[in-house]
Each structure stands twice: as C-alpha cells, then as structure tokens.
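**Q** If you want the building blocks of each chain, they are given just below.
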Amino acid sequence: MLSYIIRRVGYSVVMLVLVSFVGFVIIELPPGDFLTQLLTELEGRGDRSAEDRVTELRLRYGLDIPLLPRYVKWAANFVRGDFGESFALERPVREVIAQRFWLTCALAVASILLVWIAAIPIGVFSATNQYSIGDQIFTTISFIGLGVPGFLLALLLLFYVVQFTDVDILGLFSREYRDAPWSFAKFVDLLKHLWLPALIGSITGTAGLIRIMRGNLLDTLGQPFVESARARGLKSRTVTWKHAVRMAINPLIVILGSEALPGIIVGNALVATVLNLPTIGPEFVRALQRQDMYLAGTTLVFFTLILLVGNLLADLALAWLDPRIRLE
Amino acid sequence: MSTAVPEPFAEEQNAKEISQNYWVLVWWRFRQNKLAMFGGFLILAYYFVCALTAEFWSPYLVDTVSDYLEAPPQRLQFRHEGRFQARPFVYGLKEEVDMQLRKRFFVVDESVRYPIHLFVRAEEYRLAGLIPSNIHLFGVDPEESPDGYVYLFGTDRLGRDLFTRIIYGGRLSLLIGLIGQFLTITFGATLGVISGWYGRLVDLVVQRITEFLSAFPDIPLFMALAAAIPPEWSPIAVYFMLTIILACVRWGGLARQVRGLVLSLREREYVLAAQSFGSNDWRVMFRHLIPGATSHIIVISTLAIPGMILAETALSWLGLGLRPPLTSWGVLLYEVSGIRAIQFSPWMLITIPVIIGAIWGFNMLGDGLRDALDPYGGQ
Amino acid sequence: MATATLDSEVLLDIRDLQVHFDVRRGTVRALEGVNFTIRKSKTLGVIGESGSGKSVTARAIMQLLAKNGSIVSGEMLYNRQRDDSGDSELIDIAQQPSDSQLMRDLRGGEIAMIFQEPMSSLTPVYTAGLHIGESIQLHLKPRQTVGDQMAKAIARQNRIPREEARQIAVEMLDKVGIPRPEERVVSYPHELSGGQRQRVMIAIALSCGPKLLIADEPTTALDVTTQAQINDLMLDLQEEFGMAIMYITHDLGVIAEMAEDIAVMYLGRIVEQGTTDAIFYNPQHPYTRALLRSIPRIGQTEGSRLEVIEGMVPDPFSIPTGCSFNNRCPDVMPGVCDARMPELLIAGDGQRAACLLHDPDTMQEVTRARVH
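Residue numbers (my numbering), protein chains in the order written: chain F, 172 to 499; chain B, 40 to 418; chain L, 51 to 422.
Hints listed in this document are in silico derivations from the structure and should not be mistaken for laboratory results. Please note that the accuracy of each hint is not assured.
[Claimed, not checked] Pairs of lysine-lysine residues, derived as DSS-like cross-links and limited to a Cα-Cα distance of at most 30 Å, are as follows:
no., chain 1, residue 1, chain 2, residue 2
1, L, Lys117, L, Lys225
2, L, Lys225, F, Lys413
3, L, Lys191, L, Lys92
4, L, Lys90, F, Lys406
5, L, Lys90, F, Lys413
6, L, Lys191, L, Lys90
7, L, Lys90, F, Lys363
8, L, Lys117, B, Lys73
9, L, Lys92, F, Lys413
10, L, Lys191, F, Lys406
11, F, Lys406, L, Lys117
[Said to hold, decoys possible] Computed far set for chain F versus chain B, every beta-carbon distance over 10 Å:
no., residue
12, Ser174
13, Asp223
14, Asn248
15, Arg251
16, Leu260
17, Arg271
18, Val319
19, Leu329
20, Leu341
21, Asp360
22, Leu361
23, Arg417
24, Pro433
25, Leu489
[What the hints assert, rightly or not] Among chain L residues calculated to face chain F with C-beta under 10 Å, some are:
no., residue
26, Arg109
27, Leu156
28, Gly159
29, Met163
30, His181
31, Glu241
32, Ser243
33, Gly244
34, Thr275
35, Thr276
By construction, the Cβ of each residue, glycine as well, lies at the ideal position given by its N, Cα and C atoms.
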C-alpha cells in the first residue's frame with residue numbers, strides 16, 4: 172500500500188512538471204504579449220518615454236532571456252512559492268490567487284456536496300424503481316440538465332433576475348460585507364450567496380451522476396451477490412444500500428476525482444465569470460484576455476494540480492474502499 | 040439472474056430478423072426509439088438549415104446593417120384594429136429617447152404596417168456558395184414596402200437582424216463540432232488502433248501522451264491555447280486553428296477507448312484468420328479492426344460533438360475563440376456578456392435556447408444510437 | 051393459514067404451482083402446474099434440461115422471483131416446526147408477500163439457498179465473516195440464561211453480539227472444512243478459491259440451522275474434484291444438521307448419489323417423481339427413459355453410440371399442445387398425445403408419471419380405436 176502511494180505521488184509530480192512546462196510555453200506563445208500591448212497603448216496616448224518604460228519592465232520581468240532558462244527560473248521560484256507578478260494587476264500572482272483560493276474551494280465543495288446529496292439518492296431511487304413514473308421523471312430531468320451547461324443557465328438566470336427582480340446576485344457578498352473583515356455575519360452572508368452559483372454549477376454534474384449511478388446500480392442489482400443477500404433474508408433496503416449501492420458507488424469515486432472535481436471547478440469558472448464571483452476562474456479568464464502570462468500560467472498549473480490531487484485522492488479512496496484493488 | 044426466463048427468442052419466429060445484416064438490425068431498432076428519431080431529425084434540420092441553406096431561411100444577409108440599432112423583436116401580428124388579417128404583418132418601430140438613462144430605444148409604432156410575404160425576392164446570395172438566388176423564405180416585399188423591415192428576434196448593436204445571424208451563426212458552430220470531431224476520430228482512432236495493435240513501445244508512448252493530455256483540465260487548456268492564437272491571424276485561420284486545438288485536446292479519450300477495443304478484438308478469430316491469410320498489419324487494422332470498432336466510435340463521437348460546440352461557444356463568448364467578423368453562436372453571446380447588455384438587449388439571449396436545442400438533439404441521437412448499435416445486447 | 055393438512059413427514063408440499071413471467075412479447079408460462087413434496091431430512095433431486103423451470107421453482111419457494119414474474123396459482127405448504135413448543139403450523143408460502151417479515155424470517159432462517167455462481171455470490175467488499183455474521187445476527191436469537199444481566203440486555207435487543215457472531219462464524223467455517231478458519235474469517239471473497247467460496251456459501255446457509263437447503267446447481271461452476279468434495283460435504287452436514295435438501299442439477303450421476311427422491315422436470319412441469327431407485331431402475335416416463343439412456347455407462351459396448359434426445363427444447367412461445375413432450379417423444383401416439391394433457395398418475399414402482407401411456411382411460415380409448 173505504501174509503495175503504491177509513493178508511486179502514485181511520484182507519478183503526479185512528474186506530470187505536474189510536464190504540465191507546468193507546457194503551461195509556461197503556451198503562455199509564452201503569443202507574439203503580442205502584454206508589454207507589447209502596453210507599448211501600443213502608451214504610444215497611442217502620446218507617451219514619449221513609452222519605449223524606455225517598457226524596456227525597463229522587460230528587464231525587470233526577465234523577458235529578455237531565452238525561454239528555457241526563463242522557465243527554469245520560473246519553476247524554481249514556483250517551488251518556493253514565488254509565482255511571479257501579474258502585469259495587469261501589478262501584484263504578486265501568489266497574492267491574487269491566495270485571496271481567491273478559499274472562496275473557490277468553498278464554492279467547489281458546496282457544488283460537490285449538492286451533486287452527491289442530490290444524485291445518489293435519486294440514482295438509487297431510479298434504479299430500484301426502474302421504469303416507474305418517478306424514474307421516468309428523474310431520467311427526463313437529468314437528460315434535460317445534461318444538455319444545459321452551467322454558464323448558459325447562469326446567463327439565463329441573470330436575465331431573469333435583472334428583468335424581473337431587484338435581487339443582487341452578482342458576487343458572493345452583499346455590498347456592506349464586501350470589504351468588511353471576516354465575522355459570523357459575513358459568513359452567513361456568504362452562505363446566502365453561495366448556494367445559487369453552487370446550484371447552477373452543479374446541475375450538469377448532478378444530471379450526469381444520476382445517470383451513471385442509475386446505470387451502475389442496475390448492473391449491480393443484477394449480480395448474483397444481490398440475490399444471495401436477499402436469499403439470506405435481509406430487508407430489501409439493507410440489500411440495496413449495504414450490498415448493491417456499496418458496490419455501485421466504487422466507480423463513482425473515480426469519476427468524482429477525475430471528472431466531477433475538475434468539471435465543477437472549471438464549470439464554476441465559467442459560471443463565476445457570468446456572476447462575477449471573487450473566485451479564481453474569472454481572474455484566469457481576464458488574465459488570458461489580457462495575456463497576463465504569469466497569472467494565467469500559474470492558474471493553469473494550479474487547475475492541473477487540483478486535477479492531479481483529485482485523481483490521487485480518488486485512487487487512494489478506491490484502494491481503501493475496494494479490497495480487490497488493495498492487493499495490487 | 041437466471042430466474043428470468045430469457046428474453047423472447049425473437050430469432051425463432053422471425054428468422055428473417057437475424058439473417059439480415061447488422062446495420063439493418065441497427066436501423067430497425069433505432070426506428071423503434073421515437074426520442075432518438077426525433078433527435079436525429081432535429082440534428083438533420085439544424086445542419087440543413089444552418090450549415091447548407093442559411094441564406095434561404097433568413098430574411099436578410101448576415102452582415103446587412105440597418106438604422107435600427109438594438110431594436111427589440113417585432114411580434115408577428117394577425118389582427119389590426121380588431122380585424123383579422125389574411126396576411127400576417129409586423130408593426131413599424133419608432134425611436135424614442137429616455138432622458139434619464141440617456142439612451143435611445145424603440146417602441147412599437149402601430150401606424151405603420153409591413154405585410155410579411157413568403158418566398159420574397161430580396162437580397163442576392165449564392166445558395167451553399169454555388170446557386171445564385173434572391174429568394175428568401177419570408178420577409179417584407181421590397182417593392183411593396185421599400186422602407187419595410189422585419190426583425191423577429193430584434194437586432195444587434197450594428198442593427199443586424201438577430202434571426203438571420205442566429206441561423207448563420209449555427210453554420211460555424213455546428214461545423215466546428217463536425218470537423219473537430221472528424222479530426223478527433225482521425226487522430227484518436229488511428230493512434231488507438233496502432234497503440235492497441237503494436238503494443239510495446241508504440242503503445243507505451245501513445246499511452247503516456249494520452250495520460251499527459253488527460254492531466255490537463257480541458258476547458259482551461261482550450262482557453263489558454265485559444266488565447267495563444269495570434270490576434271493578427273485572419274478569421275478563417277483562427278477558425279481552423281481553433282478546430283485543431285479542440286481535436287488535439289480531445290483525441291486522448293477516444294484513443295484510449297479504441298485501444299481497449301482493439302486489445303479485445305485482436306484475439307478474435309476473424310482477425311487471426313485475416314492475419315493467417317497473410318494480410319499485412321495496415322490491412323488488418325483498417326479492414327478488420329476499425330470496422331469492428333465503428334459502432335463504438337459512432338456513439339462516442341455523437342455524444343462528444345455537443346461538447347465541441349459548447350467549447351467553441353464558451354471560448355467565443357469569453358472573447359478567446361472566434362471573433363467578428365466571423366459569426367458563430369459564441370460570437371453572438373459575446374455581445375451579451377455584460378450585465379448592461381442583458382438589461383438593455385436581452386433578446387440577444389435567444390441564441391441560448393437555440394444552442395441548447397442542438398445539444399439536446401445530439402444527446403437524444405447519441406443515446407438512441409448507443410442502444411441501437413448494440414442490437415444483441417438487449418436490456 | 052392453509053386449511054390443508056400435511057403428513058408430519060412432509061416438510062414442503064408444492065401443489066399445482068404456476069409461475070408466469072411478463073416479457074415484451076407476451077407471457078411466458080415458466081411453471082405450468084408443478085407438484086412435488088420434500089420430506090423432512092431427505093434430499094429431493096430436481097433434474098431437467100436448462101429452461102425446464104428448476105431454478106424458477108427454487109426461487110418461487112424463496113419468494114425471490116424476478117420483478118416481472120408472479121405466482122399465478124398453486125400452494126406451497128411449508129410445515130413450520132416451533133422449536134420451543136414443538137407445535138407445528140402450516141404456512142402457504144405462495145400467499146406471502148416477498149418482503150414480509152414472515153418471508154424474511156423463513157428466507158435464510160428456515161429455508162436457505164446456495165447458488166450456481168460461488169464466484170460472484172458473495173459481495174466483493176465484505177469479508178467471509180461479515181457475510182456469515184450478518185445472517186446469524188439476523189436470524190439467530192440469543193438464548194437467555196436466567197439471572198444473567200448481560201444476556202438479558204442482549205435479549206432485549208434481540209441480537210447476538212458481534213463478537214459471539216464472529217465466534218459462530220469461525221465454527222461454521224471449520225465445519226465446512228475451511229482450513230485455518232480464524233484467518234479465513236477475515237478473508238475477502240477474491241482471496242478464496244471457487245471451492246472455498248462455495249464452502250463459505252454453505253457455511254452462511256447452515257449457520258442459522260435451516261430446515262431446508264435449496265442447492266441450485268451448486269457444483270456446476272466448479273472443477274470435478276471440488277464438485278465431489280462439495281457434494282460429500284453437503285451429505286455430511288445433512289447428517290449432522292438434519293436438514294432437507296432440494297438439489298437442483300442436470301447431472302444424473304450426481305443425483306443418484308445425493309438424493310433419496312427425484313423429480314424430473316420438463317418445460318415447467320414435473321413429468322415424473324419417485325424414489326431414486328424407482329426412477330433409475332424402472333423409469334415410467336419416456337422423457338426420463340431418454341434422459342437415462344443419454345448418460346455414458348462403464349462397460350458400454352465399444353462403438354455403440356450415446357443416445358441423444360431427438361429435437362430441441364421448444365421455445366416458451368411455441369410449446370406444443372397436449373403433452374409438451376409429444377414432438378420429441380419416441381412413443382408418441384399421434385392424435386392422442388397432441389390433444390390431451392397427461393396428469394401425474396401412479397405408475398411403476400410407486401412413482402408418479404405424467405404420461406398418457408399410464409392413463410388407463412386414454413389407453414382404453416386407444417385400444418378401442420385400434421380394434422375398430
């Protein structure tokens with residue numbers, strides 16, 4: 172087991188290094204980088220010292236040295252927690268991300284909880300009552316939900332709220348708490364604002380998970396061990412939950428780590444952009460739009476890190492939950 | 040469970056059914072599934088209307104501008120002053136200025152009426168780029184009412200008809216799904232087959248690459264790659280680059296599935312037989328293995344196309360994908376990204392239901408295909 | 051409660067059991083009037099080709115039919131013995147809802163079942179001990195010793211404590227011949243061999259002291275040596291625990307060794323039932339005779355061919371009219387067998403056979419017709 176963990180962690184680290192390099196290269200690709208944009212902008216304004224200022228910036232950010240050494244330097248700093256500086260915000264990338272990190276996590280956790288709390292019971296109900304009216308209703312709803320991505324839904328919701336109500340749904344805090352220090356009241360205010368983006372961000376995931384849970388459980392319910400559990404005189408509820416669901420849920424853990432978690436973080440990034448939430452997603456989008464390379468590159472690596480950690484945790488959880496895998 | 044008496048031995052009585060070949064059986068089963076048939080028709084209609092014959096269905100051309108900027112949708116009317124009219128018509132628009140908001144907007148002007156005709160002769164176009172024509176399905180007759188206009192879905196900031204633009208926009212959005220998926224299949228299936236067939240080093244390399252690709256969260260990777268496309272490229276180049284990016288990021292999953300299939304197929308008798316007859320590797324792969332995996336590839340692809348369309352929509356909506364003067368659904372949404380736009384020209388959001396319709400169509404079709412392509416599987 | 055009475059020797063009496071399945075193409079009549087009895091502490095072998103309804107019968111007794119199946123008519127009278135009072139009551143299983151408390155007490159508690167697929171009959175994520183313990187805690191009630199506070203508390207909860215259940219599990223594993231049971235009790239199914247898994251299944255089944263053990267082709271999936279071991283084990287345990295066994299198989303050799311009584315099934319009916327000796331030495335139904343001729347015998351003349359039964363088992367939607375075996379029967383009487391339904395009648399050495407050849411009325415008519 173220990174060697175398995177070590178191997179998996181080592182593998183993730185190698186992946187992360189490769190990913191970070193690619194991330195760095197991608198951000199380096201555009202010839203019209205941020206400084207070039209700045210130059211044109213300054214010149215447009217008639218700033219005579221524009222050329223000098225940009226050259227100075229270029230030196231300061233080390234943009235004059237070749238790609239590979241620059242990557243090595245960046246990576247070395249990265250490991251030390253120095254992620255470079257955001258050109259556009261003129262603040263260290265680390266600060267920008269740290270400031271938004273916890274809210275991003277809160278939103279992701281809220282979404283995942285919503286997905287699982289809704290999807291598992293519904294999936295179990297649908298499978299144990301296959302072809303019943305309830306099953307058909309849930310199957311239809313999940314089918315519809317699967318075709319409506321969160322950001323489109325968020326746009327429609329925004330339309331509804333703007334046109335027909337005067338609710339303030341943008342952001343995660345009410346106006347009076349936005350810059351206030353943390354307090355219990357602010358936390359309550361956060362919860363009040365959090366549920367809606369979490370709900371929107373979790374719809375596609377919930378719909379997908381219902382379908383997977385239903386399918387898995389239907390397969391499992393047809394297995395001989397379910398029949399033999401019933402033959403032992405167990406209540407059907409016990410058979411379903413203790414034996415069938417317990418088995419059917421294993422593949423879902425892999426899905427949680429490898430698809431649901433990143434899906435939700437990324438899906439939330441788009442939803443958050445619509446609703447202008449103070450999470451990492453919208454900042455990433457803005458950084459790409461402005462070609463703010465250190466911020467964008469770090470965020471991409473950060474997203475990948477979440478994905479790799481998610482995969483790792485899922486694999487470990489599965490190894491812990493399924494004795495057949497423990498053996499390997 | 041062995042309790043259940045096996046599903047009807049359909050073969051016994053309808054011996055004809057099984058003697059027919061696989062694809063006939065697939066079609067037979069697919070037709071039973073009403074939802075899937077509906078999805079299929081929907082998708083055909085979308086591609087026919089948007090991709091092939093957009094010019095005919097829309098009353099204007101995609102870049103026809105007018106003086107009516109951000110005009111709200113006009114309602115198709117059948118009654119005027121309480122009397123039913125044989126020919127439907129729209130009322131004209133009148134400009135007013137809101138002094139408080141310092142904004143111009145349009146209100147319905149019931150004193151002006153523009154009758155709507157079918158098959159009107161208006162602006163010239165080439166159908167599918169080939170057949171010159173000037174017939175539009177509907178519109179105002181330029182001879183009858185030279186100042187007339189019909190904006191069923193309203194207009195955008197440059198006074199262009201949204202109805203027309205949504206139909207045109209579908210062309211690029213739908214094609215990006217199709218072309219992108221075609222490229223994905225080409226990369227994915229080929230590499231999957233090669234990897235599964237040769238095994239060893241080739242397999243190892245392909246496997247590592249797909250693993251590497253799957254280590255990235257795909258939408259942020261799309262976004263980063265799309266942002267890296269030089270802004271000075273021509274729109275067409277951007278379009279193709281975007282398609283290639285989508286395919287490059289997405290082929291890994293397909294390759295992995297195809298590889299798995301090939302691994303199981305290569306031990307089958309017919310493949311061994313082909314080999315023993317002296318077929319070379321390529322022949323075995325493309326004549327025997329890929330066809331064996333076809334049904335699988337079709338299902339995966341159908342269900343993957345919506346993802347491609349949505350990826351384009353999301354990218355363009357964020358201003359990272361296609362850009363004007365190209366028109367796609369995402370580009371149309373780009374114009375409503377701000378809350379101000381949602382407040383003052385909400386009709387631009389009509390694009391969303393149109394996109395969702397296409398997504399549902401593909402999902403219904405894909406689900407139906409999955410059930411139909413496994414005719415011996417049953418339930 | 052059923053009004054009928056049973057011989058005190060009889061544990062289970064199946065009368066005219068009919069089971070139908072609804073499928074898309076219509077109704078499959080899986081059982082069309084099955085009659086047989088199982089005697090206490092004796093083994094009934096049920097034999098027949100696949101699709102004859104053996105497994106459906108077993109699952110009907112357990113009230114474990116698939117969702118689309120239903121018991122249409124008939125009685126399944128179970129003679130329930132009260133351990134404490136020695137009284138007995140008759141329960142008609144056919145009338146009990148599948149998920150009722152009574153049915154759940156019977157299942158696993160009084161009627162236990164082992165299955166064809168030992169490889170997948172245990173939940174992969176639970177240990178052997180957990181499976182056995184689950185059954186014990188469900189069905190066995192703790193014995194109350196007077197004055198023992200602990201025992202009283204437990205009795206109020208009406209559950210055997212986990213530690214004790216584990217102890218019983220270890221004993222059971224030892225009884226079914228699993229080496230080092232203390233270690234094996236925490237083994238997961240995938241760590242056991244096929245034979246061991248079937249032993250665990252038997253341990254689970256017998257842990258609650260059932261009166262009837264239904265074994266649905268328990269050795270089909272095992273290799274020949276293991277088959278013999280499992281069968282021997284079942285015979286030994288029958289001697290020790292005294293339960294009746296309903297042994298379902300299509301292997302005539304096994305059944306001769308295991309069973310006191312035999313029921314032969316064909317297309318959802320019992321065609322012949324009697325003692326093993328009667329069935330083997332003096333079979334009365336043409337189908338039984340054909341079955342017996344199809345087993346290879348030692349000392350069979352070299353070069354002589356093994357006999358097969360002509361034709362195929364018809365599919366459930368095209369069962370022939372009259373006697374359902376008439377299209378494959380070597381002794382078929384045209385015009386008679388395809389018109390009339392035979393009933394189970396006494397024939398041969400006291401067994402009962404469903405064949406018109408043994409129906410005196412029919413035979414009289416046939417003879418009269420021939421004379422004319």
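**Q** The structure should be examined with respect to each hint, and the outcome stated for every one.
**A** Structure-based check of all given hints:
{"no.": "1", "hint": "L:Lys117 <-> L:Lys225", "result": "violated, 36 Å"}
{"no.": "2", "hint": "L:Lys225 <-> F:Lys413", "result": "holds, 27 Å"}
{"no.": "3", "hint": "L:Lys191 <-> L:Lys92", "result": "holds, 26 Å"}
{"no.": "4", "hint": "L:Lys90 <-> F:Lys406", "result": "holds, 28 Å"}
{"no.": "5", "hint": "L:Lys90 <-> F:Lys413", "result": "violated, 34 Å"}
{"no.": "6", "hint": "L:Lys191 <-> L:Lys90", "result": "holds, 23 Å"}
{"no.": "7", "hint": "L:Lys90 <-> F:Lys363", "result": "violated, 68 Å"}
{"no.": "8", "hint": "L:Lys117 <-> B:Lys73", "result": "holds, 26 Å"}
{"no.": "9", "hint": "L:Lys92 <-> F:Lys413", "result": "violated, 35 Å"}
{"no.": "10", "hint": "L:Lys191 <-> F:Lys406", "result": "holds, 17 Å"}
{"no.": "11", "hint": "F:Lys406 <-> L:Lys117", "result": "holds, 16 Å"}
{"no.": "12", "hint": "Ser174", "result": "holds, 20 Å"}
{"no.": "13", "hint": "Asp223", "result": "holds, 25 Å"}
{"no.": "14", "hint": "Asn248", "result": "holds, 20 Å"}
{"no.": "15", "hint": "Arg251", "result": "holds, 23 Å"}
{"no.": "16", "hint": "Leu260", "result": "holds, 17 Å"}
{"no.": "17", "hint": "Arg271", "result": "holds, 15 Å"}
{"no.": "18", "hint": "Val319", "result": "violated, 6 Å"}
{"no.": "19", "hint": "Leu329", "result": "violated, 6 Å"}
{"no.": "20", "hint": "Leu341", "result": "violated, 7 Å"}
{"no.": "21", "hint": "Asp360", "result": "holds, 21 Å"}
{"no.": "22", "hint": "Leu361", "result": "holds, 21 Å"}
{"no.": "23", "hint": "Arg417", "result": "holds, 19 Å"}
{"no.": "24", "hint": "Pro433", "result": "violated, 4 Å"}
{"no.": "25", "hint": "Leu489", "result": "holds, 17 Å"}
{"no.": "26", "hint": "Arg109", "result": "holds, 8 Å"}
{"no.": "27", "hint": "Leu156", "result": "holds, 7 Å"}
{"no.": "28", "hint": "Gly159", "result": "holds, 6 Å"}
{"no.": "29", "hint": "Met163", "result": "holds, 4 Å"}
{"no.": "30", "hint": "His181", "result": "holds, 8 Å"}
{"no.": "31", "hint": "Glu241", "result": "holds, 8 Å"}
{"no.": "32", "hint": "Ser243", "result": "violated, 15 Å"}
{"no.": "33", "hint": "Gly244", "result": "violated, 13 Å"}
{"no.": "34", "hint": "Thr275", "result": "violated, 23 Å"}
{"no.": "35", "hint": "Thr276", "result": "violated, 18 Å"}
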